[in-house]
Amino acid sequence: MDFQIALLLGQDGITNGAIYALLALALVLVFAVTRVIFIPQGEFVSYGALTLVMIQAGAIPATVWLLLGAGLLAAALDVRLALRAGQPGRLVRLVGWYVAYPLVLVALLYTLPVKDFPMIAQILFALAVVVPMGPLMYRLIYQPIAAAPVLVLLIVSVAVHVAMVGLGLLFFGAEGSRTPPFSDARFEMGPVMVSGQTIWVVVSSLVLIVALYQFFERTLYGKALRATAINRVGARLMGISPALAGRLTFFLAALIGALSGVLIAPITTIYYDTGFLIGLKGFVAAIVGGLGSYPLAAAGALLVGLLEAFSSFWASAHKEVIVFTLIIPVLLWRSLRGRHVEEEE
Amino acid sequence: MKPMFSPRLILGVFLAVLAVAPLVLSSFYVTLLNYIGLYALVALGLVLLTGVGGLTSFGQAAFVGLGAYTTAVLTTATELPGWLAWAGGSPWLALVVGLVFTAVVALVLGSLTLRLSGHYLPLGTIAWGISLYFLFGTLDTLGGHTGLTGVPPITVFGFELDRGEELFYLIWLFLLAAMLTTQNLLDSREGRAIRALKGGMVMAEAMGVNTARSRMIIFVIAALHACASGWLYAHLQRFVNPTPFGLHIGIEYLFMAVVGGAGQVWGALVGAGVITIAKQWLQDVLPRIFGQSGNFEVIFFGLMMVIVLQRARDGLWPLLARLVPVRATRRELDAAAEALPRKPLPAKGEVILEAKEVTRRFGGLVANNNMSLSVRAGEILALIGPNGAGKSTMFNQISGVDTPTSGEVLFLGRAVAGRDSREIARMGMSRTFQHVKLLPTMTVLENVAIGAHLRGDKGVLSSAWRLDRNEEARLLNEAARQIERVGLAEHMFDAAGSLALGQQRILEIARALAADPCLLLLDEPAAGLRFKEKQALAELLKKLRGEGIGILLVEHDMDFVMGLVDRVVVMEFGEKIAEGLPEDVQRNPAVLEAYLGGVE
Amino acid sequence: MNANIHGSNLILKTVLEVRDLTVSYGKVEALSNANIKVGEGQIVTVIGPNGAGKTTMLSAIMGLLESRGKVDFDGTIEGVPVVERMVARGMNLVPEKRELFGEMTVEDNLVLGAFQRHRSGHRDHAQTMEEVYQLFPRLRERRSQLAGTLSGGERQMLAVGRALMAKPKLLMLDEPSLGLAPLIVREIFRIIGELRRRGVSILLVEQNARAALQVADYAYVLETGEIAMEGPARQLADDPRVIEAYLGLGGKHQEMLST
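Chains as they are written, first to last, in my numbering: chain A, 532 to 876; chain B, 319 to 918; chain C, -16 to 242.
The shape of chain A in the complex, shown without the other chains:
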């Protein structure tokens, strides 16, 4: 391996690492606020990418039907609750968000020539379809068992992942797809050629990370999420309901997931089940940070990306084995750092 190849591999590693970093941040966030270990994070990556593929192919993305179905279910549940609580005033808002929104989306996708829109508009449509599934998922799946032990929430997460992979196969078929790159530009940086897409991925990730940081430091809702993560009872006493915090968190996680999918779809062929492996690498990174530290998680993500890139060169058949076995020394390191018998909460 010469320097040239090393630089190329490094470039690959950083690109993937940037995506893993985003996912790792989302995983840490979701865990901190809701105690959910969010295994389906990766599915949002595939759903985001493949929804964009369908939009670009001029088809109505099948995911919009899932959105509509989930919306109807959530509306049915919440309308019943609103009636029982004697607050019929909330009905209009509920039905508006849960049912009218997906219907409007379907109508737009049917009537507008979205296929011929500029890519940025197509991406926005894809996000508009996939991202609301995050808060809906929280409402339907996690909110009813928000107080359950971490273990139960984890098993539920795995169940949701499994169901979403099955649905992904149904929606997108078994074939993999790629989207055209955001830009065909290539830059010469010293001895290496850097593709425009790489720049897009790295820059977008950085922008998103900075935006998230600002959100958590500067805005009331960002602070409310941090407060929930720090002290759940305290947050409730301020009127920050776990349901609100959960939906907001899942919105962010879905946004990060779908955006990651859109960003890497031009680089990697995405299959209906690709997201899972990508998400898991985000997990390995998040575990480096002990599911609690954002900077450590981001550093872990870069490590995972680079390890993956270099092992694909040295031992490509064992690439996945090497990446996932990394978790063993990471766990060893963590278990040597903190030792405590924990009581089930």
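Simulated from the structure, these hints should not be mistaken for lab results.
It should be emphasised that the depicted structure is a prediction, and the values quoted were computed from it without experimental measurement.
Cβ coordinates follow ideal geometry from the N, Cα and C atoms, glycine included.
Be aware that one or more of the hints could be misleading.
To be verified - Ranges between beta-carbon positions, derived for each pair:
# : chain 1 : residue 1 : chain 2 : residue 2 : range
1 : A       : Ala537    : C       : Asp107    : 57 to 65 Å
2 : A       : Gly727    : B       : Pro636    : 56 to 64 Å
3 : B       : Arg631    : A       : Thr750    : 54 to 62 Å
4 : C       : Arg181    : A       : Leu614    : 36 to 44 Å
5 : A       : Gly727    : B       : Ile607    : 40 to 48 Å
6 : B       : Glu397    : A       : Gly589    : 57 to 65 Å
Claimed, not checked - Some but not every residue of chain C turned toward chain B, in silico, with C-beta under 10 Å:
#  : residue
7  : Val11
8  : Glu12
9  : Ser15
10 : Pro32
11 : Gly52
12 : Pro120
13 : Ala164
14 : Pro165
15 : Gln190
16 : Asn191
Starting from the structure of chain A, add chains B and C where the hints point.
Leaving out everything else, chains B and C in the frame of chain A:
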């Protein structure tokens, strides 16, 4: 009144049905039953791990793979390395090698993750499940993705089990043996320690249970069950490839355990049955509905899991069990069992506990400042003070839960700091908790028996095969004796959670006594008790004092303390403000001020 | 005596009326059929020994714990109180454990106190914060410090200040003097009195019986989950039975105390 069947009768009917099943059923159904048996064996391990122990693993399929590949390699390889040559060719030797290998892998994985909080184990197993799956597919010695063929059948006494109908009996024998031993294990000293993992770890540690060890035990047992299932699978299929050992199958095993009823031995069988049959049916129906082929059944399994966990977290078995009225069997106590040996108590009047100038700071907060006290054998010392005075912090320093910033605590002349709860329990210090820590679904008897954990030494194997019954009878007898001693005899077989708060506090004292302590630490034992209950408690404590036990009582309730104790130490703002005889202390103006609050 | 009490309470508009409130942990009843009332602008205190169920009662009224019974707050009956809804309607609890956001600054803690008000369209938190700083000048000095680094007294001030950011109609304080030195306790009670002058109704749970009875208008004594006694605070302060119930002192100790 519904007719009640004895459990024995139901089991007999079940076994008889099983025995004739291969004779009357078509080979399709026998195969189905074979798979149910194999899956249930894996799910059973998860019942122990997840339902009972509160841990989980998504990587059980990989352990199944270890068992299957070990036997496939050993029985088909033409050339084995010299050190392994002895194991070649024989499925039975391969089983032994596979089990040992699996145990080693589980021990390594367990030692990495079990010390961390609960969710690292499942995350670790996801990662290692994926790694191993890819490894199966990429190693040439394992045949890559095509796998290994030509696995020979198992022979039993020279008889080849090469048909599914024959292997059926071996599979179900394994499963039933595993179910029996698991059930035996749960009903033993080790079993109580395992059952305490879910929600009672701090308490169990204080009673001398090594919870890390218990967690490791169930993780290894679950892995071994999976390995055995893999071994049987390899010899049923007669070939192995990586597909059935992937992560998604590992997840399916967990679904079986959860759907069936993760806390129940029989739940494993129900779950394996339901999922296996449903899968068979859905794989047939769904592709026709959706008009394309693929594993769409996972959509249903996923949603089913979500609904089960939202609506019926205990799974299907409890719902099923309600349909068949089985007579409850009550545990028999063997009154003739020999009493457990007792440690000699220190002589009355001897100082057994001494806290010297203990200071504990939390950041800028001084919770305990220069606190000294001592307890003698055969006396009751009360540590009292208003809420927030630092009594609980002091209690933690004494019981070794926390370590003082400066100063030291000596118990029987040895420093408490640096020892874990188990060691301190072994030395003869036993405690109760301010917020009652019981295992609510276990009986009063079983809860108290946890206290006697350190007075037995029978391990997992003897428990599984019922070689521990003599010791078990002695432990339970001791527990029963303590229950009678504190006056809870009529509730011996009730679930601990069904008792009133006052009785639960008394139960904690019985549990502490079952450890045969020379020093009892009681954290607010009278809180929430009614007048009569307080009187009874006071009588009990006087009796214990008379027997030579030293008692340290942390209390808020002055009245309870005054008529009972020998000496009083009063705390406020983390400091000792008074010490002496009860009569003197209660006249002390500083104490009255502390209790009634001062305003001017 | 009873008619008298109700008479005195009827004059005022009732902010909170709790009827037959019962809380069970499994089969254990921690609070049985509690009935209490708080009039507008009143300080009502609930005293009682440790483990009597005082904190349980506040948690149930707030909706942190499941309960049976009726909670009539500000004219609307809540069958099952839900915390966020109670906060939105102007009820705030300063819990015994304070429940501060330790890794956030004092100022952020205060800002979050106004979260529910901000959500419902009141964007006046800067002004409210100024009022809180005037009440607790110490908090202004510490405003960019992390809440976790504060001393015990400052923590309590922050907890109260944070609750005041919501401009509550009813403020519930759970053991505000817990673990605090006498000087700070006095300061806390001065502020409780000051809050009443500003029209805040207060439900105060206290172990510091003397201080609580001195500042309160009306008092209840809670014992093993049941209301054992009630009456105007001044009246109860002199009642030997209160001293007995509260301190759990038997007959002979009472004598000594009354001398």
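Verification of the supplied hints:
Here the CB-CB span from Ala537 (chain A) to Asp107 (chain C) is close to 59 Å, well matched to the stated 57 to 65 Å. One distance hint, 56 to 64 Å for the beta-carbon pair Gly727 (chain A) and Pro636 (chain B), holds here, with the actual separation near 59 Å. Taking 54 to 62 Å as the suggested C-beta distance range, the pair Arg631 (chain B) and Thr750 (chain A) does not conform, at roughly 37 Å. Judged by the Cβ atoms, the range 36 to 44 Å given for Arg181 (chain C) and Leu614 (chain A) holds: they are separated by roughly 39 Å.
Range check, Gly727 (chain A) to Ile607 (chain B): Cβ separation about 44 Å, and the 40 to 48 Å hint holds. Checked against the given bound of 57 to 65 Å, the beta carbons of Glu397 (chain B) and Gly589 (chain A), roughly 59 Å apart, stay inside it. Of the supplied interface hints, the one on Val11 (chain C) holds, with its beta-carbon coming within about 5 Å of a beta-carbon of chain B, less than 10 Å. At about 9 Å, the closest approach between the beta carbon of Glu12 (chain C) and any beta carbon in chain B falls short of 10 Å, and the interface hint on this residue holds.
About 12 Å separates the beta-carbon of Ser15 (chain C) from the nearest beta-carbon of chain B, more than 10 Å, and the hint is not met. Because the smallest distance between the Cβ of Pro32 (chain C) and any Cβ of chain B comes to about 6 Å, under 10 Å, the interface hint for this residue holds. At its closest, the beta carbon of Gly52 (chain C) sits 20 Å from a beta carbon of chain B; the interface hint therefore is violated under the 10 Å criterion. Because the smallest distance between the Cβ of Pro120 (chain C) and any Cβ of chain B comes to about 20 Å, over 10 Å, the interface hint for this residue is violated.
A hinted interface residue such as Ala164 (chain C) counts as satisfied when its beta carbon comes closer than 10 Å to some beta carbon of chain B; here the least separation is about 6 Å, so the hint holds. Residue-level restraint check for Pro165 (chain C) holds (minimum Cβ-Cβ distance to chain B is 6 Å; threshold 10 Å). Evaluation of the Gln190 (chain C) hint against chain B yields a held restraint, the C-beta minimum of about 5 Å falling below 10 Å. Using the Cβ-Cβ criterion of 10 Å, the hint placing Asn191 (chain C) at the interface with chain B is satisfied: the shortest such distance is roughly 3 Å.
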